[in-house]
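Residue numbers (my numbering), protein chains in the order written: chain A, 1 to 557; chain B, 1 to 97; chain C, 1 to 521; chain D, 1 to 744.
Mixed in with the good hints there might be a few duds.
[To be verified] So these bits of chain D aren't anywhere near chain B, every CB distance computed over 12 angstroms: (1) R683; (2) Q717; (3) G721; (4) A727.
[Stated by the list, open to error] In silico lysine-lysine, DSSO-like type, Cα no more than 30 angstroms apart, as pairs: (5) K701(D) to K96(B); (6) K647(D) to K373(D); (7) K373(D) to K237(D); (8) K237(D) to K490(A); (9) K237(D) to K647(D).
[To be verified] Have a look at the derived ranges for each label pair, beta carbon to beta carbon: (10) L25(C) to K96(B): 38 to 44 angstroms; (11) A100(A) to D667(D): 42 to 48 angstroms; (12) A111(A) to Q279(D): 55 to 61 angstroms; (13) N91(B) to R41(C): 33 to 39 angstroms; (14) I703(D) to S254(A): 26 to 32 angstroms; (15) E324(A) to I616(D): 27 to 33 angstroms; (16) E553(D) to H407(A): 33 to 39 angstroms.
Please keep in mind that the hints were generated in silico from the structure rather than gathered at the bench.
Think of the CB as a built atom: it goes at the ideal place given N, C-alpha and C, for glycine as much as any other residue.
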Amino acid sequence: MNGFLTSVGYDRWILPALLGIPLLGALVIWLQAALGGRDAGAAPRAAPEESAAARAGVDPRTAVDEIATGVAGPARVIALATFIVEFIVSLGLWPAFDPADGRWQFPVDIAWIPSWGVRFTIGIDGMALMMILLTTLIMVLASLGSWTYIRTRTHSFYALMLVLTTGMLGVFMSLDLFLFYVMWEVMLVPMYFIIGIWGGENRLYASLKFFIYTMVGSMLMLAAIVYIGLAARNPATGIPTFSYDYILQNVVVSPTAALWLFGAFFMAFAVKVPMFPFHTWLPDAHVEAPTAGSVVLASIMLKLGTFGFLRLAVPLFPSAAMNETVRSIILGLAVIGIVYGALVSMVQTDFKKLVAYSSVSHLGFVMLGIFALTVQSVQGALMVMINHGISTGALFLLIGMIYERRHSRLIEAYGGIARVVPMFAALLTLVSLSSIGLPGTNGFIGEFLVLIGAFKTVPIFTIIATTAVIFAAAYLLWAIQRILFNAFTKPENEHLADLNPRELLIMAPLVVAIIWLGVYPAPVLRRMQLSAERFVTVVQGRATSQSRVVSTGERPR
Amino acid sequence: MLAEALFFSAVLFTIGVVGVLTRRNAIIVFMCVELMLNAVNLSFVAFSQVYGVAGQVFVFFVMTVAAAEAAVGLAIIIALFRHRQTVNLQNINLLKG
Amino acid sequence: MNLAMPSVFDLTQPLQLTAALTPDLVLIIGAMILVVAAAWRPDSAARQRVVGWASIVVTLLAMAAVIYFLIEGYGAGPGPIAVDNYRWMVDIVILLGTLLTLMLAIDDNDRELITAPEMHVLVLLASSGMMLLAAARDLMIVFLGIELMSISVYALAGINRRSIRSAEGALKYFLLGAFSTAFLLYGIALVYGATGATNLEVIGQRAMANGAGGPLFVIGIAMLLIGFGFKVATVPFHMWAPDVYDGSPSPITAYMAATVKAAAFAAFLRAWLEAFPSAFNAWHPAVVGLAIATMVLGNAIGLRQQNIKRMLAYSSIGHAGYLLVALAAGTSQGASALIFYLLIYTLATFGCFAVVSSLTRTGAGTVRLEELAGLWNVRPWTAFGMAVLMLALLGFPIFGGAGFFAKWYVIQAALQSDTPQTLLVVVLVLTTVVSAGYYLYVIRVMFMRPRLEGLALPVRSGGLTRFVLVATVLLLLILGIVPDYVVRLTSAGRPQLRSPARAAPYAVGGGFAQPQPMLRR
Amino acid sequence: MLPASFALLQEAAGVAHPLAGTAARWMWALPLLPLLGFVINGALSIVSAYHAGPADPGAHPHDAHPSVEERHEAHTGHDVTGGGAHGDDHHVVVRHRFAGLATIIGPGVMVLAFGLAVAIFAAMRGAGDAALHTPFVQRYFEWMPVGDLRIDAAFQLDQLSMVMILVITGVGMLIHLFSVGYMQDDPSYPRYFAYLNLFVAFMLVLVMGASYPVMFVGWEGVGLCSYLLIGFWYLDKANADAGKKAFIMNRIGDFGFLVAMFMLYANIGTLEFEGVRAQATALGPSVVTWICLFFFLGCTGKSAQIPLYTWLPDAMAGPTPVSALIHAATMVTAGVYLIARSNFLFSLSPVASLTVVVIGALTAIFAASIGLKQWDIKKVLAYSTVSQLGYMFIGVGSGAYVSGVFHLVTHAFFKALLFLGSGSVIFAMHRAYHATHSAEDAQDMRNMGGLRRYMPWTFWLMLAATLAIAGFPPFAGFFSKDAILGTVFLRARESTLADAHWLGIPGNIILYACYVLGLAAAFMTAVYMTRMLIYTFLGPNRSGERERDFLGEAPWIMTGPLLVLGVLSVAGGWLNLPESIPIGRVGLLEHWLDPVVGESTLRITHGAAVEASSTIEYSLIGAAVLIALAGIVVAWVMLRPERLVPKREARQEEGFERVLANKYYVDEIYDDAVVQPTVGVSRNLLWEGIDQGLIDNVMVKYIGTGVPRLFGWLGSQLQSGQVGTYAWVLVVGVLFVLGAFTIR
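One chain only, chain A, in its complex shape (with noise of 0.2 angstroms):
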């Protein structure tokens, strides 16, 4: 397999093929839209200048049920295509990646812009390797889940969606913190369109929201990266430069400097993260959002909060991460988010609400983990991230499938549903249950390994967050006792539909992937091996070295 890939030069091309894929695909469905595909199924009708609905303001396009006409066809194969596409040219990625391996992988690295030093470089390790096959698999399942969901405008969807996988594949794979900024921005947009137009009854505020909360913290991130990348100029042709290796390796700023900096950073990822108390976005945007666009942004995009954190804003400034003080509120903060996050979705009615604040709450154990700084911790979070793609987008997916069928988020609109759907009901529960951390599932590993770190370092912090196993529980047992389980009370229920094959195949590898991590999750953990004591070594050397250099600077004044 490996001298396969080998042969076909699959480490050279593979990480800017995966970034280009999407857009070549999002391309085809542009071309297809503007060589008349949008039309292709339509009643033929005049042009719209003409046409007296066109006259009185009534959109010919906005109404049209696509599915129904046929449009959508060929925008959502097209797109489909590409996903599959993507997913098993990454898949590679998985053989070809030696986890003996602690430098970047698949380098890429070309001048971009030579006048800023800004320059295209990507390259990944373990914990990229891993959020990039999340991506690639969550983007295939997403897009056919929204195979019915979208019915208008599908061809702008699903280019949005492959824009989206690009950005966000993007920051995974940036070494270069300009390019991470950029790719940064680059997810923000197309989520925006997708919140904002296919979004529920309350779109355009959620939508508004979601822009505006993650734009404060990437713009104050932002100043931070342009600062860093001054710090780390040229001296003698004061061209700064970007490089995350060199930056990591060579820049030293003053502790103050460093305290704000992280701050600018921690500002980015922790409204990304969501970290309370920064997170109310995050229920309005997952409700509003269409399937697709929850599922992407509760498996990927959250994620890149706290690969943030990974990657930048601890590595960076580990003298201020780690400072005593920061470092207790951030923890701090991490568990309030895990019992605040549980308890406040046990209150919730509409189910989407509920699952958005249980991500608060789980998005806290990553945080703890990484904050812990111990391998386990840091390693469980990584676990955490991937799991919380999984099974939080299980979870959006399977609500997705009910609301296409029902047009209700409301929990109080099912009761008793296992009875006509039951296959819906054995895998809600079993998502359910994985998202609790049932062990055997692989929500268990995550939040045992990240637990079992912390208590080295972190004792009553991890105490308290270990409170959540009861709440995590309490909240999701309620809420599927409600809706699946109790007196079948609403007779509108009695003709839900279950599951249909194409709803099946969406949910068999997330099955399999909770399964599977929790009964075997060790090539996994060895993959990202590497990066998590890389993470730990770097923090705690630079952290230790950095004072040292202040201390030693500061004394002889």
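Given chain A, work out where chains B, C and D should sit, using these hints.
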């Protein structure tokens, strides 16, 4: 002598400013602006006593420009007058917010 | 033209001075010829178009001259005008804006039934004034340039004689403009009184020699700051801008918002870098204050607007604040950032006004935001273009094209100064978030709202308007991916500073003392 | 990759062990067999219930579905309905279409597993005592290899897990067989067996795991199955509630389990039993106490001890065989197993051990007292289970690990028998009520009475079990209970526990007190068990005239397992005869478990073997027997079944009776003190207050967007359209700029 001239210039300028602030007739306001320009001209002339001819050259430029400005300005005022039948600035508030 | 021109002009020689002014003269002479041509026959729509096209040709000629000078890399000795890349780069921005204005104006005049061909001539004359401003190295030239520009633009603002709004805007612009000119002039007089010179270079040298300069000098700078601040519409000297932008014909609004601002900023920056670096500590707090007030208020008031032209007016005020950040850095790198920003901002602004112009119903003069609702459904490409432009103004990477790089460059320049402008940068990024409130609102209205009941479809816009829209959007998008060439161009385009200014010892293109023939490499 | 590492790991670990070549090498098949059963039964269940939805579920929501009639027919035919045999929906009895296959698979895998267990047991016996001083560990693959943390998927076979395996597979097999009859008409028949199989698989993982995390897999897994089975008839809200309550209460306990594991790892870096056993003595005394207490928190959840016991009575909502298997014989004893397994930790911490004893004793008496006034036959048994679990904890807490396990085993026999017997009774009652379309409560003893005539086999077997639980010699319970009470008495005289202090009270006083409590609980046990027997089987019948005709013995598939359990309940005591009653081979179990718990037992007794004078021994035995007899007699004399009226005519209890009938209102107290405040705080304070109020409104809306809007409003007010105003603003700006220039 210089100080007196400069003071006088400053007073004239201030009178112009106050005129602009207090008067409501567009033409009078414009005249006040002209007053301010001429106040500045006075300064230029005064300074050219010290530094040579450049200041006086400047004054000529200013006068020329002021004339051109007056031409365009009056044209605009007339254009507006055609629409509103008034040049009272208080009534001219269609554009706001 | 004298083919044996020296590579460094001696500006004391009238012939060489004239040669150094060639591009400006091309424009002025062209304008003179056209004004005669315009007056030759009665006004008509056809003449308007012909004169418009002729003006475009003149502009292109001037542009060619500018590019020639840029390629040849001429320099100049001491004198009233500068011959450096900075001037040529600003000229390119100005001429680009002129070109786009003319293109939009031809179509817009058609729709608004403005038959006056002298409109195009006035644009050319205003642009000549701007080019003078870009070249000015003497406060006298600055004054002449500003007045040439302003008087033409007063007339342009009121060019639609049928529109009361246009007339009102012109009157406000004129009265307040003249008022502020008096301050500018007073500032010139005081600086002249303090240093005995009007040449920027000489002022800089004498101020350096005398220390920070006396109260006369400082008050002079303050007055100049007020004068320039008015021209570039910084808070609190911005009050005219929304009303005038609102009242003027859309192409002229774009011209004022982008090109006038560019020219004024060019002179503003040159004066500040060449004449007043020694007074940095005096003017810096004021500039910082103006910048913060401008960024905050411009964007905050923008949030309230329902009229797209007014919204863009406040947006342009906000951008003036961002440009002030580059200026506050007080470095030659700030100058590069400023040029780059102006270029991108010009593209984005004209793109926006192309959309506005194409959506304006005859006689309405403007577009209300709710008219954009559901634009995606009826004019998908216009909506797409507008979205790109909005994101460009917001400073968003990739989707907003080069808008992000412009902002990036300003931030970089601000932080790279000897005294990093961290406060300004923070305010900049935060107010950018505020500005997202109205930029995104436009996108939201276009894409996520249904079209208003009973609203007729916008009429098909003219070819030139569409060309402007497509060209600006494409340029923005392309520059958003491969900006390096333009970055190098602008980073070479710094004022040639002879006096030891506060310029950071930073150079990408190999220093600023010697002019660099950028395009030839 | 997997098979290779599998073989490798296995070889590395097992090559030297005497069991390596024997049947024990197949021990991985023990949990896999029921797991296989789960997979097949689960597939049968879901396949039979699943009807693929339309390809486009969102299209035309009302036309795209198959016709109502068609689907309805499909449902009543063979769908997974939550109604079940228990509900009052009087459904048409149609056997599940895969019932035959499920019958073969479900109990079949259990028979195979039990056979394998017996073979392994034989192999262990064959290997001889001396060879088995280290457990036989099989490593399959690395489960969580992270840094210095290494958790393998590994099973461990030793004497203790062997006992548990035999109980689980043996009793489990019998209950599976019983279920074939009991659940025969249930429309979700395969689903039932799927869950039951899965439970056994997890239970085996629990007892076979070679490390705490693997055990935890089983620990939570059985909790899951318990949840699923309690809520098996999920359309009844009470059932679903009970399942959820069980899971959440167990989770509270699991929290303790987790924290204990964290502390272990943080302090000694390993979580494998052998590793912990080797390094346990290196732990500081307070650390080990905390670890044990957290583990015990886990036990209180899983084994239904104070304060987390309330889920177990509610768990009776599940099918009765489930109550027998999970909530009596196996799962709920996992806590006891955990302490017995962790004997090397608990024996190091007298304080934690005393806590276990105290909680056990309090639970024993508390639950027994509630059992006195319950009318639901299963509730009586449920509280009895809680109470008996208390005994087991008294045993393992006081360091009598063998006695605790012994009682666990005998309790598994007689309590399973009691539950299955009650199952038979309920089955008969339900059948009768079903036949007459009556909505009466088939589980309430007030509706029973005189059933001896209709189901004599069941009566006699229940009688045996009752005598066993009451501690009547020579039934199984007598020996095990006596062993526990006797040990507590002896420990009070001489042990590390007696020397320690618990909350300032000397340990020996506590132990004596617990002994007395144990005796009192034994008395109550005898009373309420006799009461149950009398009300159910003796006196006049209160079922109703018409129903009487339908009452009768259950089919052989149900009574057969009862018979086997009956024999075990009678003879189970011979597993571990005390030396004082040498009516067979003495101390079999004690000898068997010695390699596992012997060392720890000695540690608690200061290294001395348990020795007591025969006088004390016999008087202790005498006391126990007397107490049991007294209880039976009191019940016999005081209770008047002929005065009892059916449930619908019953009056409200008064006074303390009412408190007992309402279980001391503990559920209500928990609800008011914990559940409602938590939900209320979450909703009103956290969500509406902080999330929506403080963050969204105050921070974001008022401050975040309000401040820019305020500026915008102000600026826009100034923009009045008046040139005069503009000029004023300009001049004010001039003044500001001039002012700024004076700042240096």
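To see whether the hints hold, each was checked on the structure:
1. R683: holds, 43 angstroms
2. Q717: Violated, since 9 angstroms does not exceed 12 angstroms.
3. G721: Answer for G721(D): violated, closest chain B Cβ roughly 3 angstroms.
4. A727: violated, 5 angstroms
5. K701(D) to K96(B): Since the Cα atoms of K701(D) and K96(B) sit roughly 27 angstroms apart, the hinted pair holds (cutoff 30 angstroms).
6. K647(D) to K373(D): holds, 14 angstroms
7. K373(D) to K237(D): Roughly 25 angstroms between the alpha carbons, so the hint for K373(D) and K237(D) holds.
8. K237(D) to K490(A): Satisfied, since the Cα-Cα distance of roughly 14 angstroms is no more than 30 angstroms.
9. K237(D) to K647(D): holds, 22 angstroms
10. L25(C) to K96(B): 38 to 44 angstroms: holds, 42 angstroms
11. A100(A) to D667(D): 42 to 48 angstroms: Because 56 angstroms falls outside the window, the suggested range is violated.
12. A111(A) to Q279(D): 55 to 61 angstroms: Once the Cβ atoms are compared, 57 angstroms apart, the range 55 to 61 angstroms for Q279(D) and A111(A) holds.
13. N91(B) to R41(C): 33 to 39 angstroms: holds, 38 angstroms
14. I703(D) to S254(A): 26 to 32 angstroms: At roughly 31 angstroms between Cβ atoms, S254(A) and I703(D) fall inside 26 to 32 angstroms, so the hint holds.
15. E324(A) to I616(D): 27 to 33 angstroms: Violated, at about 60 angstroms.
16. E553(D) to H407(A): 33 to 39 angstroms: Since E553(D) and H407(A) have Cβ atoms about 53 angstroms apart, the given range 33 to 39 angstroms is violated.
Checked against the numbered hints above, the structure violates hints 2, 3, 4, 11, 15, 16; every other hint is satisfied.
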